[in-house]
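Q: Sequence:
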Amino acid sequence: MRPVTPNSRSRNGVLSMELVLVLPLVLVVLFGVIELSLLFSARQTLVAASRAGARTGALAGATFDDVKQAIQDQVGPPLCDQLTIDADLGRRSGDQVCVQVRAPMRSVSPDLLRVVGFGLDDRELVAETVMSKE
Numbered sequence: 000m001r002p003v004t005p006n007s008r009s010r011n012g013v014l015s016m017e018l019v020l021v022l023p024l025v026l027v028v029l030f031g032v033i034e035l036s037l038l039f040s041a042r043q044t045l046v047a048a049s050r051a052g053a054r055t056g057a058l059a060g061a062t063f064d065d066v067k068q069a070i071q072d073q074v075g076p077p078l079c080d081q082l083t084i085d086a087d088l089g090r091r092s093g094d095q096v097c098v099q100v101r102a103p104m105r106s107v108s109p110d111l112l113r114v115v116g117f118g119l120d121d122r123e124l125v126a127e128t129v130m131s132k133e
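Counting along the sequence shown from 1, when you hit position 30 you're at 29 in numbering that gives the first Met the number 0, and nothing is skipped either side.
If you are wondering where the hints come from, they were derived from the structure by calculation, not from laboratory data.
Keep in mind that a hint or two might mislead.
Said to hold, decoys possible - Label-pair distances were calculated between CB atoms; the ranges are:
no. : residue 1 : residue 2 : range
1   : 116       : 59        : 49 to 57 Å
2   : 116       : 80        : 25 to 33 Å
3   : 83        : 23        : 33 to 41 Å
4   : 64        : 21        : 50 to 58 Å
5   : 17        : 123       : 36 to 44 Å
Just so you know, even glycine gets a beta-carbon here, dropped at the ideal spot from N, CA and C.
With these hints in hand, go ahead and build the complete structure from the sequences.
A: Okay, here's the thing in structure tokens:
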């Protein structure tokens, strides 16, 4: 067994101090990556839902309820109640159909970075699609 020298004890203290200083930064970066990836995934889901709604709305005779149902089918049950859907379906063939889907960021991701000052309160994910009516 090697005797403990004063030099090795001070080195252990330095390692502990480095851990205390670096660990919070590593955790903030890790939480940021997790939150960003959840938000990105939710945004892709909203984009797909707005495209599905616009495709449905572009069909002749489509109603707002048809568009809403297509969006809800694309998104799935957990997020359906949180969505805000706006649609301008146009009246004639060739008119633009504009579908906008909004969801609060708090409903799609935990607020992991609130502690460091980046909260998700009052922020929304928005996806909008414009197509021509058939």
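Q: Each hint should be assessed against the structure and marked as holding or not.
A: Here is what the structure says about each hint:
Range check, residue 116 to residue 59: about 50 Å between beta-carbon atoms, so the 49 to 57 Å window is met. Distance hint for residue 116 and residue 80: a CB-CB separation of about 29 Å, consistent with the stated range 25 to 33 Å. For the pair residue 83 and residue 23, the beta carbons lie near 36 Å from each other, so the given range of 33 to 41 Å is met. Roughly 54 Å separates the CB atoms of residue 64 and residue 21, a value that falls within the hinted 50 to 58 Å.
About 40 Å separates the C-beta atoms of residue 17 and residue 123, a value consistent with the hinted range of 36 to 44 Å.
No hint from the list above goes unmet by this structure.
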